[in-house]
Amino acid sequence: MPKFEPVLLANIGKPNSHALAVYEAAGGYRALKKVLAEMTPLALIEMIKSSNLRGRGGAGFPTGLKWSFLPKDHPGPIYMCINADESEPGTFNNRILMEDDPHQVIEGIILSCYATRAQTAYLYIRYEYPLSYQRLQAAIDECYAAGYLGKKILGTDFSLDIYLHRGAAAYICGEETGLIESLEGRRAWPRIKPPFPAVEGAFRKPTVVNNIETVCCVTQIAARGVEWFKSIGVPSDPKNPRDPGSYGPKLYCLSGHVNQPGCYEAPLGITCRQLIDEYGGGVWKGRKAKAAIPGGISMGLLTEAELDTPLDFNGPGRVGCLGLGTAAVVVIDDTTSMVDFLHNSCRFFAHESCGQCTPCREGTAWALTMMERIKAGKGRLRDLDLLLEIGDSIGIMPGTTICGLADGAAWPIKNAIRKFRGEFEQYIQKTNPKGYQVTEAVEALPILAAH
Amino acid sequence: MAIVIVDGKEVELAPGERLNGIQAAERAGVDIPRYCWHPGLSVVASCRMCLVETGTRNAETGAITMLPKLVPACQTPAADNTVFVTDSEKVQRSRAMVEEDLLIDHPIDCPICDKAGECYLQDYHFQHGQDKRRADIRPFTSRRREMGETVTLFVDRCVMCSRCVRFTREISGGSELYVTNRGNREEIDVFPGRPLDNKLSGNVVDLCPVGALGDKDFLYQQRVWFMKKHAGVCTGCSTGCSIDVEENLDTVYRLKPRTNPHVNQWWMCDEGRYGFHYVHSDRRLTNVERLEDDKRLILEWSQALREIDERFRDAGRVAAVLSPHLTVEEAYLLARYARRVDSQALVVLGPVPVVGDDETFKNGFTIRAEKCPNRRGVEEIVQHFMGRAATLDDVSASIEAGETRAAWVSGGYKDAWIDEATAGRLAAVECLVVQDLFDSPLLERATYRLPGAAFAERDGSYVNHADRLQSVAWAVRPPAGVRVEAGVYGELLAMPGLVKARRVLDEVAREIAFFSPAADPVGPLGMDLKARVMAAEAAITG
Amino acid sequence: MPTAHRILTDEMIAAIQAYFPRYPTRQAVTLPALHVVNERLRYVPLEAVVEIAELLELAPAEVQDALSFYGFFRQDKPHGQTRAWVCRSVSCALRGGEEVLSHLCRAAGVRPGGTTADGKLTLEFAECLGACEFAPCMLAGDTLVKNLTPESADAFLQKVKQGVSVGGQK
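Chains as they are written, first to last, in this note's numbering: chain A, 1 to 451; chain B, 452 to 993; chain C, 994 to 1163.
This is chain A alone, in the form it adopts within the complex:
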């Protein structure tokens, strides 16, 4: 195992790590006490800004900057929404934090609410995390009893309530405005922007949406300081004045065909290969990797040759992936069919597309129809071009959708076919020797029953 001393995961594995007493014994809530005693909300925002902390939920937006978008001197209420809808395939770091160190999460929420002057925080947690829900609720109850939550926290004028809000199995609720719509009791159709949530969010009031790991980083920055945070990771690109860098520790989820899947904390910028070999114990069964997902399935694919890509906010993008995403690495070994992989990916996004924007609703379903047909041995070479056309045209980046779900659906298609085209062509020619060159529209397979 490598030398990096875990910080975010420091308490994980201790007996009763989820209990308040254990958390406090390890120095928990000291940062909160210090900040409430010594810092103004504005100073805390400045602190987080200068740390260059970037959101851990997927997009990597600078957290301090997001907070500073809130209108000044707003009469309130201002809402904090904590995004614990962690649904990106391959991602489970937030679950571990919530299950085994809920107080680190809560301390981060309290600090973030103090900075943003939010007095109500809704923690939107996916229904598939029952243990996280129970542990968080117990921790929140402990906090109310200990005076960390409720009216006049620790004797100051700052008051805060945290409410858990359970989802109901919909990936799109991880999109911040989808989350807000779902919280408000409607179908989770993401909202058009502007207005951004900082101006008009939950219940039409200014709102910040932050990820679980992000608020844990806030806790650690408040406890250990900006210098500590910036001593870890990858500095900003001096040639790009707009690059905030990739500072701090990061929780990397490692799964798929590795010997030791798990959640590992490492400095941002560790390469994918280091993660697999040094943390994950290498590819399983003595095989070689064919590819790896760099940060959740929506980020696309790294080939074996690209595994030395550093997993910071800029690395995956340089080799044609969408980005770092959730930093969830899924390893695919060399016996796996990329046809199966892409089918799995298309099925996921067709199932999870919220159905609001035409290109995503129809595009993801059409891609799945083609992948089902290809998998069933009725593929055509032309399908690969059609799939690429869908991949290249749907998403917030070309501007054809409201939210980024479609970009996430597009990237696995684009990367899989562009980086592994030979394998797809071979599969199609082998399984459909008579029809692989057909270019006219063909009959669809019977629609599979889905619930």
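I should point out that these hints are in silico values taken from the structure, not numbers from a laboratory.
Keep in mind that a hint or two might mislead.
Unchecked claim - Partial list, derived from the structure: chain C residues whose beta carbon lies under 8 Å from chain B:
id, residue
1, Leu1039
2, Glu1050
3, Ala1052
4, Pro1053
5, Ala1054
6, Gln1057
7, Asp1058
8, Ser1061
9, Phe1062
10, Gly1064
Note that the structure is predicted; figures quoted are calculated from it, not measured.
For each residue, glycine too, the CB sits at the ideal point set by N, CA and C.
We have chain A; now place chains B and C onto it with these hints.
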């Protein structure tokens, strides 16, 4: 003055004017295709058909910077120096993509779809689509599901623009319609046992850009390309919604709201929309008849009018009852005729039907309790001739006093409008002329029965509850035997040639101050008589 | 409420109303209310939707709109005593998740989404359960069943059949 550049063409915005890309482009004569955007509903920007390129022009250097990605024109505000490009290859490709996407699941059953001919999906396919299908073909269905009494849904034709759902939430307020399921399994639905049954329900059919929502009243009645549209006014209540009367070969098939920001915006109520069928009722009066010894004799129009004219002149004191269903022009002519035979003739407003209370919906649209189009116009004419308000009671009293000996009662009511007792009192004259659509207690007692015209057959102007005057032209010819009121009065007044409503209105505008603004041309949205008069007064006093 | 045959018990109504102070709108209580009912009845019948809508001052169609979006709440009949979701997303699929799901379905005699004849088990596929380090995995009620194999799947079915409570589902 703010300038917006659309495809290289500059258009100006008025100070404070807030337009989106679609509206700014419209001003430049560019039609941006769209499904989900509607000016009367919230913006959702979800169909993605209106994607365009946008950027800004540097006011000083004139240099244009474009955004790299496409944006929905509906969601993009047109500000000073905003640039829109709507015809680039990129834009055309994205339109073709959306059309292709929407057609993947669409049944393409245009030959049996009512919407064919006025369908956005169909029109845009020809304008922006690609000629070959590339998606897999699967057996198509077009499941039909009832939404309520008035509206039916062809489920698979839907493009999920959500206009209808937003309408029931934002305009009518009942929230009956909703989207069910997720992704491409989505459908429009109603909750079991809670059908779409508000009084504005028919509007969702107008809003539907494709053939998904069908109007049961119109379903399979007529191909839209056979019908001609005539700008009209709904005469169902005193709101006076602007409408299009759509007919083919003198049969009205449907009424549609005609956009009028001053009156009804984009909407109309079901009462008005479906209330036109009486126009073609086989109970319509079509014979001119004279009651003689309890027998009815059918007369020629010209003979009847000669006889009536003689008897009115002989009667001395006469009365004219001006129905609130008459146009301004007709009411004026009838009053003038009465005054010609008797300079003291009573000129009164006929019964004003009132049913229930005004009903106002979430967005402010109001169905009025007053079920006629022109009480205000007729009132002002009565005021002009009488110097006071006068009603049917004045006529009954005058008859009872033995003064009035002949009366002309105009009708035009589609429902029962007079009771036996009132009819009995009015009938106590020597000569009673009743001009109406249907049988009534009064008609039973009439000396002369004249078949009258229905709203779709008339030319002329109506003044609604808010003193807005709207002029309309006839849409269909009346049934054989019926003559339109204006023509009848023109003949009695020996006016030369055909009676032209506009010429009559010119005279009304000259003679009656209230109508003076109508000396100017009346546009398709009508004119506000009150505001104009107030403005004129302010100009004089100021 | 005046209805003679109410679906929501006083206890459920109280549980739903307890959420009201948390949110500035009633509509925001939609998901909590659906969960309250679903946890007790193991489904949310249409009648319950009407009653929830009444409590939240909404049209039933608005509640149904949200409910149907998630595909989580059953409406025709209650799910089995244990509701088990088998993950089919990428990390689990790479380690045999789909095979385990088919194996379970065959062994239990149901299709994905179906409930066994004895009403003890409903088997469903799930998208990523967020427990990829334990792939392939399954969430049975509140319990995560880790590193599934055909053998451990059979053992799970055995327990369910014997009526051993799996997952602490109410």
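Against which earlier hints does the structure fall short, listed by number upward? Violated hint: only 2; rest satisfied.
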